[in-house]
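Keeping their order, the protein sequence lines are chains B and X. Position 154, counted from 1, in the first sequence is what this note's numbering calls 154; the numbers after and before it change by one each time, with no gaps. Position 195, counted from 1, in the second sequence is what this note's numbering calls 195; the numbers after and before it change by one each time, with no gaps.
Don't read these hints as lab results, they were simulated from the structure. Careful: at least some of the hints might be erroneous.
[What the hints assert, rightly or not] Calculated cross-link-like contacts (lysine-lysine; reagent style DSBU-like; alpha-carbon spacing at most 35 Å):
hint, chain 1, residue 1, chain 2, residue 2
1, X, K13, B, K13
2, B, K342, B, K265
3, X, K107, X, K342
4, B, K342, B, K107
5, B, K107, X, K114
6, B, K107, B, K265
7, B, K114, B, K13
8, X, K114, B, K114
9, X, K13, X, K114
10, B, K114, X, K107
11, B, K342, B, K380
12, X, K342, X, K380
Protein chains: 2
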Amino acid sequence: MKFGGTSVADTDKIRNVARRMVATHETGRPTVGVVSAMGETTDTLAALAAEVSPRPHPREMDMLLSTGERITAALCAMAIEDMGHRAVSLTGSQAGIVTDTRHTNAKIVDIRPKRITEALDAGMIVLVAGFQGVSTAYDVTTLGRGASDLTAVALAAALGGDCEIYTDVEGVYTADPRIVPDARKLARVSPLEMLEMAGSGARVLQLRSVEFARNHGVPIHVRSTFSGTEGTWIREDPSMEDAIISGITHTVDEAYVTLTDVPDKPGTAAGIFNAVAAAGINVDTIIQNAVTHGDADVTFSIPRDDLPLMTDTIEGLCRVLGLHWGVDDTAGKISMIGAGMKSHPGVAARMFQTLADHGINVRMIATSPIKVSCVIARDKVDEAVLALHDAFQVELELAQSGAAHA
Amino acid sequence: MKFGGTSVADTDKIRNVARRMVATHETGRPTVGVVSAMGETTDTLAALAAEVSPRPHPREMDMLLSTGERITAALCAMAIEDMGHRAVSLTGSQAGIVTDTRHTNAKIVDIRPKRITEALDAGMIVLVAGFQGVSTAYDVTTLGRGASDLTAVALAAALGGDCEIYTDVEGVYTADPRIVPDARKLARVSPLEMLEMAGSGARVLQLRSVEFARNHGVPIHVRSTFSGTEGTWIREDPSMEDAIISGITHTVDEAYVTLTDVPDKPGTAAGIFNAVAAAGINVDTIIQNAVTHGDADVTFSIPRDDLPLMTDTIEGLCRVLGLHWGVDDTAGKISMIGAGMKSHPGVAARMFQTLADHGINVRMIATSPIKVSCVIARDKVDEAVLALHDAFQVELELAQSGAAHA
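For reference, chain B alone in the conformation it holds in the complex:
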């Protein structure tokens, strides 16, 4: 059972979370809770770091940020004990989450959940501080923003259980309900669709956690902390027909970097993206148009927050390779996702037409077998999402009802 920052934002909410864990435990199921930092704690800590240093040392950043989840885990354990049940909180290190040494964005290399299983066997509810582990050099590491989801999925895989992600929404919707009032909750989404959704702006689950769950066959149940209703299951269901469109996602958190005069020879792209990866920057979409006269343009999206970090890297790269570059920080991206799309080729064309009908210019296009993404003006994103949800209403209703009655 994983509870995000809004679910544990104050001590009343922490007691509510404790009650939910106790209720689950009382059904006889061994229960592990993974918790995020309370509310805005992580941002507050990061702001303190920015006050002492414009580029805080990554190892120290991890030492700092990892405290937020420990506070929540300890408070949850206290609340459970106060309700007459036994509980114990564990740090990522104590929970056996071993990572590499890449601070602030470490990868899990092993899970050794000995202390968890011992505590479960002793009848205790176990709280684990999310988002963190211990490196092979015995330093505290963190797993990247939103990685408490990953902690939960990885522990579910290691312990052999389902993973319940409790959040402030009721599940996965056909579009963001804050933009589309009649967006509908999906009863089930396939892991591959969820992967594309998470990768294209759906904030309900962290991308890496969906990837991990898919690779390890961990079923995820996304549901609300504050209501008792069923949420959305993310799992395979071979008995079901694939939905043509499962959902429409969007993001306004990306900037688009375009490199021009990229020499058309083998290894250039590799050189570029090795340098970007070495700077620890997560590139999402990469687009390279067909080479027509010698040099190519390559565009890729990066998190807007990484723009300052990116600048040095990309400037060095351009100097070495003789490239030029520019940034578009006025764009957003909308995506349509559906596992059945691959056998219904008309989706992209209808999407472009819908946008054209609303006078929305498409700056870039990227596709996968189950997704079409368009980069448009950032201030047109909401309108585009509404228009597409309306245009594909029939398909989205099928997705929802098909899943719901499976």
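Use these hints to put chain X onto chain B, whose structure you have.
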């Protein structure tokens, strides 16, 4: 170099602390900083715990409270790195501070400073999160309120160095300068005197840290974080004559528990104080008057904060032993301390006379070879301290100048 909560209360102050450590390191001395939690962080965390549980589980309390010092240590290390020096922050566990398993008030059982010495050998400034360790059961423990001083002294003992305690006052004074405007800073105090001062209300150093320093021969220099002046050295100096009176201390943080009808037979007192100790309560003064008719009265002081915790213990004890008890929560204590007092027997008499001249009634008296303490009405404490500082002005001036010119 140990920096308390007021010295690291915000990021500007943390950068100031970082500069001080860098300056020391630049003189070529291997430098270890021990830091407390920022400002009121520990109180804020304790308040959160109280909101989720009236009696938070001690193990979880330690998991919670230990985060405060980690935050400061990481921020200090970042600030030092930002100034172009290398630094690393370590938790109590990483610093090798091994304790017993008594949560919230653990005792240090071993110091294994391997990571500290390795980092020092690599030319780094080492930051250690104060107040905490790791138990022999691999759980996070804390060492009790104010125990960052103890962390610093214990590390100085293990590493073989001096211990500098940076605080918001200039050193150890002949009396609390907030009450006595012409109180004077002492250049030196003997460890035994400092022990009595810390035990009787001087807040500048935690009692246990003074005890540890005295047992291990660690010289302590108490000085201001905010000025560059010399503070007070706490160390033996056999070349000096003992001062008759070194200082006047006071406390208003104690309650006085009196047990009546205590049977006058061997083992009773042991039974009482074993039970009190088992509840984890630190008893300071114990007074038992002469037995004149069969049963005795025993009075002891406890921290006022421990009164709620105490109530259960003492009631159980009284039931078993057939005692009665009462609490005086309206009293304070003033103490006069001086290593030369033992060869100048008139001090106690002059103290009682001074109090009598001011119409201040003495409720209890306790003495040691180098201290006389009087329990009086709490609201008379300030007046008593002023009166005594005035009455013993000549002796206190000698103490200060004798120490200063040694």
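K13 of chain X and K13 of chain B were given as a pair; does the straight-line alpha-carbon distance stay at or below 35 Å?
holds (34 Å)
Would you mind confirming whether the straight-line C-alpha gap from K342 of chain X to K380 of chain X stays at or under 35 Å?
holds (27 Å)
Holds or violated: K107 of chain B with K114 of chain X, Cα cutoff 35 Å?
holds (27 Å)
With the threshold set at 35 Å, check whether the alpha-carbon distance from K114 of chain B to K13 of chain B stays at or below it.
holds (29 Å)
Measure nothing beyond the straight line between the CA atoms of K342 of chain B and K107 of chain B; if it is 35 Å or shorter, mark the hint as holding.
holds (32 Å)
Between K342 of chain B and K265 of chain B, is the straight-line Cα distance small enough, at 35 Å or below?
Measuring from Cα to Cα gives roughly 32 Å; hence the hint holds.
Going straight from one Cα to the other, do K107 of chain X and K342 of chain X come out at no more than 35 Å?
holds (32 Å)
Holds or violated: are the alpha carbons of K107 of chain B and K265 of chain B at most 35 Å from each other?
Satisfied, since the Cα-Cα distance of roughly 32 Å is no more than 35 Å.
Check whether the Cα positions of K114 of chain B and K107 of chain X lie no farther apart than 35 Å.
With a Cα-Cα distance of about 27 Å, the restraint between K114 of chain B and K107 of chain X holds, given a limit of 35 Å.
Verify the proposed pairing of K114 of chain X with K114 of chain B, using a straight-line Cα cut of 35 Å.
Since the Cα atoms of K114 of chain X and K114 of chain B sit roughly 26 Å apart, the hinted pair holds (cutoff 35 Å).
Is it true that the CA of K342 of chain B sits at most 35 Å from the CA of K380 of chain B?
holds (27 Å)
Does K114 of chain X lie within 35 Å of K13 of chain X when you go C-alpha to C-alpha?
holds (29 Å)
In summary, the structure agrees with every hint in the numbered list given earlier.
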